[in-house]
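*Asks:* In case you want the letters, here they are:
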Amino acid sequence: MNRIRLAGILAVLAIATYLLMSSIYTVSEVQQAIITQFGRPVGDPVTSAGLKFKVPFIQDVNLIDKRVLEWDGNPSDMPTKDKLYVSVDLFARWRIVEPLQYFLRLHDERSAQSRLDDVLGSETRNAVAKHELIEIIRTTRDRVPLRDALVTDAARLDVGSLVPIQKGRKQVEQEIFAEAAQKVRVFARYPVQADQLQ
Amino acid sequence: MPSQWNNPGPGGPWGSGARPDSEIDKVFRQGQDKFKQFLPSGGPRGMIVLAMLAFAGVGVWTAYFTVPSDSVAVVQRFGKYLREVPPGLHFKLPLGIDVATIVPVKRQLKQEFGFATPGAGDAYQTSRDPRRETQMVTGDLNAALVEWVVQYRISDPVKFLFDVREPRGTLRDVSESVMREVVGDRTVDEVITIGRQEIENEALVKMQALSTKYAMGISIDQVQLKNINPPEAVQASFNEVNQAQQEKEKLINEARRDYNKVIPLAEGEKDQRIREADGYRLKRINEAEGDVARFSALLAQYSKAPEVTLRRIYIETLQDVMPSLRSKIIVDERTRGILPFLNLDSQKADRP
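Those protein sequences? They're chains A and B, same order as listed.
If you count the first sequence from 1, you need to add 14 to reach the working numbering.
If you count the second sequence from 1, you need to add 350 to reach the working numbering.
Just so you know, the hints here were simulated from the structure itself, not pulled from any lab data.
Errors might be hidden in some of the hints.
[Claimed, not checked] Straight-line Cα separation of at most 27 Å, DSSO-like style, residue types lysine-lysine; simulated pairs:
#1 A:K184 - A:K97
#2 B:K556 - B:K430
#3 A:K97 - A:K144
#4 B:K456 - B:K430
#5 B:K611 - B:K600
#6 A:K184 - B:K576
#7 B:K563 - B:K509
#8 B:K576 - B:K456
#9 B:K600 - A:K66
#10 B:K456 - B:K509
#11 B:K442 - B:K456
#12 B:K430 - A:K68
#13 B:K430 - A:K66
#14 A:K184 - B:K556
#15 B:K430 - B:K563
#16 B:K509 - A:K66
#17 A:K184 - A:K68
#18 B:K460 - B:K598
#19 B:K611 - B:K598
#20 A:K184 - B:K563
#21 B:K563 - B:K456
[Unchecked claim] Estimated spans, in silico, between C-beta atoms of each pair:
#22 B:S419 - A:K95: 52 to 60 Å
#23 A:K144 - B:I602: 44 to 52 Å
#24 B:Q458 - A:I23: 53 to 61 Å
#25 B:A493 - A:L118: 33 to 41 Å
#26 B:A413 - A:G22: 29 to 37 Å
#27 A:L118 - B:Q572: 40 to 48 Å
#28 A:V56 - B:A493: 53 to 61 Å
These numbers were taken from a predicted model, which means no experiment stands behind them.
For each residue, glycine too, the CB sits at the ideal point set by N, CA and C.
Required output: the full structure, derived from the provided sequences and hints.
*Replies:* See below:
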């Protein structure tokens with residue numbers, strides 16, 4: 015008799031624990047969550063961290079990263095406007111600002127990364143092909159090379175000259191960024207900042 | 351976990367005082383006995399006690415943590431940021447409720463670009479492919495191999511942990527990008543020779559600005575340039591150019607030395623000649639002027655008394671002329687038959 019009651023208590027306890035466990039979840043500082051009910055998103059995305067509650071069994075938690083995420087392109091050779099090849103290694107940092115859209119359209123980070131590959135890859139090629147090599151190398155337009163104050167000999171004063179530019183690297187980066195941001199808006203994501211060119 | 355059992359820990363079963371303190375062996379045996387009592391015949395009650403004790407053991411095990419002196423720990427409760435704790439022994443809620451992450455904020459960290467110190471513990475300290483990141487294009491479209499080091503610290507552990515997923519990887523990317531930007535704005539001569547200090551400073555400022563923008567919680571202390579070389583394919587030619595330049599300098603110096611040897615000598619000779627010529631000129635002029643003066647004086651006398659003067663000039667001239675003749679024999683015209691006596695011997699002696 016006693017045994018059966020004990021077993022019963024244990025069973026109830028186990029079920030209660032299971033219910034409790036499946037109705038609470040934690041969201042870390044680096045995450046945000048979307049609650050889906052039978053696969054359909056319900057309510058606003060949870061963006062604050064801490065211990066949260068949900069309806070057990072019928073609701074699922076989908077955790078999405080809230081941090082600034084990395085995207086690193088593979089170095090590749092691209093032709094410039096003056097038909098020189100330059101090896102460009104692009105990096106970008108991006109962040110999910112609309113988790114719901116992100117969840118619906120891309121679902122996970124792997125597909126997001128591959129979309130970024132597409133968008134940034136093609137925009138980089140466009141931008142590089144539109145500019146001459148020197149525009150991608152240099153940044154400030156009117157910088158004069160340093161001269162050694164101690165050397166006054168005319169022959170040795172010749173430290174080389176900087177090729178004049180119109181725009182410069184910063185601006186090219188911004189162009190890539192602007193174009194890519196526009197395309198990425200379709201996926202409701204937002205690359206934080208581009209670029210490394212080599 | 352029976353070991354937890356036998357350990358007289360703070361949450362252990364023997365803490366109540368049911369054992370003699372001194373005899374560890376006895377305690378151990380007693381413990382084994384009790385353990386055996388529990389397991390086969392204790393039934394569900396024994397099982398529950400066992401489970402509870404194991405639970406308590408794990409709880410105690412996970413309720414404290416130590417923070418090393420060069421770090422702080424960030425404590426999260428159910429994933430939510432709770433507090434930051436200084437070095438030392440600390441307690442937290444056990445069983446995964448509180449999670450402490452240790453962040454080495456006081457340690458000086460560094461990242462190397464273009465080279466790799468072997469045996470680095472930090473995966474982000476060196477690159478997988480150092481040769482790639484060292485190649486750069488300068489502002490005058492030359493190539494250079496640049497190696498540098500970034501010294502940094504984690505200044506804000508909360509940002510470092512929660513704002514960016516790969517803060518150190520991001521720092522690597524930022525550093526590479528900034529260095530390319532700075533080098534891309536300079537000529538190869540500047541990069542290799544006089545511009546190093548300036549490059550370090552500018553790169554430091556720009557890297558700090560970008561890492562602040564990304565909210566990485568990293569503060570950059572120093573950027574140090576290591577070797578900067580021309581690319582390997584060019585290096586031989588580069589050295590040759592340098593040698594040729596030195597050769598040129600050497601030849602110029604030699605020529606200058608020869609010049610210094612010959613030219614001052616010639617200059618001196620020139621001066622001497624000119625001075626000699628000047629002297630001769632003065633002498634001639636003075637002589638001529640003396641002649642003129644004498645002649646003028648003579649003329650004045652002559653115009654006063656031509657007869658006398660003429661005679662005087664005649665006599666003077668003869669006075670001049672006569673001594674140059676050895677002897678002059680004057681014979682009266684009327685004298686006849688005189689044998690002129692010529693002292694031939696003396697004449698012979700005088701005029702050979």
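*Asks:* Please work out if K184 (chain A) and K68 (chain A) have their alpha carbons no farther apart than 27 Å.
*Replies:* Not satisfied, since the Cα-Cα distance of roughly 47 Å exceeds 27 Å.
*Asks:* Kindly confirm whether 33 to 41 Å is satisfied by the beta carbon distance between A493 (chain B) and L118 (chain A).
*Replies:* Taking Cβ atoms as reference, A493 (chain B) and L118 (chain A) lie about 47 Å apart, which means the hint is violated.
*Asks:* Is K460 (chain B) close enough to K598 (chain B), meaning Cα to Cα at most 27 Å?
*Replies:* violated, 43 Å
*Asks:* Decide if the proposed pair is consistent with the structure: K430 (chain B) and K563 (chain B), CA atoms, cutoff 27 Å inclusive.
*Replies:* Holds, at about 24 Å.
*Asks:* Has the given pair, K442 (chain B) with K456 (chain B), been kept, meaning a C-alpha gap of at most 27 Å?
*Replies:* Judged against 27 Å, a Cα distance of about 23 Å means the pair holds.
*Asks:* Mind checking the alpha carbons of K184 (chain A) and K97 (chain A) for me, to see if they're no more than 27 Å apart?
*Replies:* holds, 21 Å
*Asks:* Taking 27 Å as the top limit, are the C-alpha atoms of K184 (chain A) and K556 (chain B) close enough?
*Replies:* Roughly 12 Å between the alpha carbons, so the hint for K184 (chain A) and K556 (chain B) holds.
*Asks:* Holds or violated: K430 (chain B) and K68 (chain A), Cα atoms, limit 27 Å.
*Replies:* Status holds; Cα separation ~17 Å.
*Asks:* Between K97 (chain A) and K144 (chain A), is the straight-line Cα distance small enough, at 27 Å or below?
*Replies:* At roughly 10 Å apart (the allowed maximum being 27 Å), K144 (chain A) and K97 (chain A) satisfy the hint.
*Asks:* CB of K144 (chain A) to CB of I602 (chain B), is that within 44 to 52 Å?
*Replies:* Between K144 (chain A) and I602 (chain B), where Cβ atoms are some 48 Å apart, the hint holds.
*Asks:* Is the straight-line distance between the alpha-carbon of K184 (chain A) and that of K563 (chain B) 27 Å or less?
*Replies:* Given pair K184 (chain A), K563 (chain B) holds - Cα atoms ~16 Å apart, limit 27 Å.
*Asks:* For K611 (chain B) and K600 (chain B), compute the direct alpha-carbon distance and say whether it is at most 27 Å.
*Replies:* holds, 17 Å
Of the numbered hints given earlier, the model fails hints 2, 9, 17, 18, 25; all others are met.
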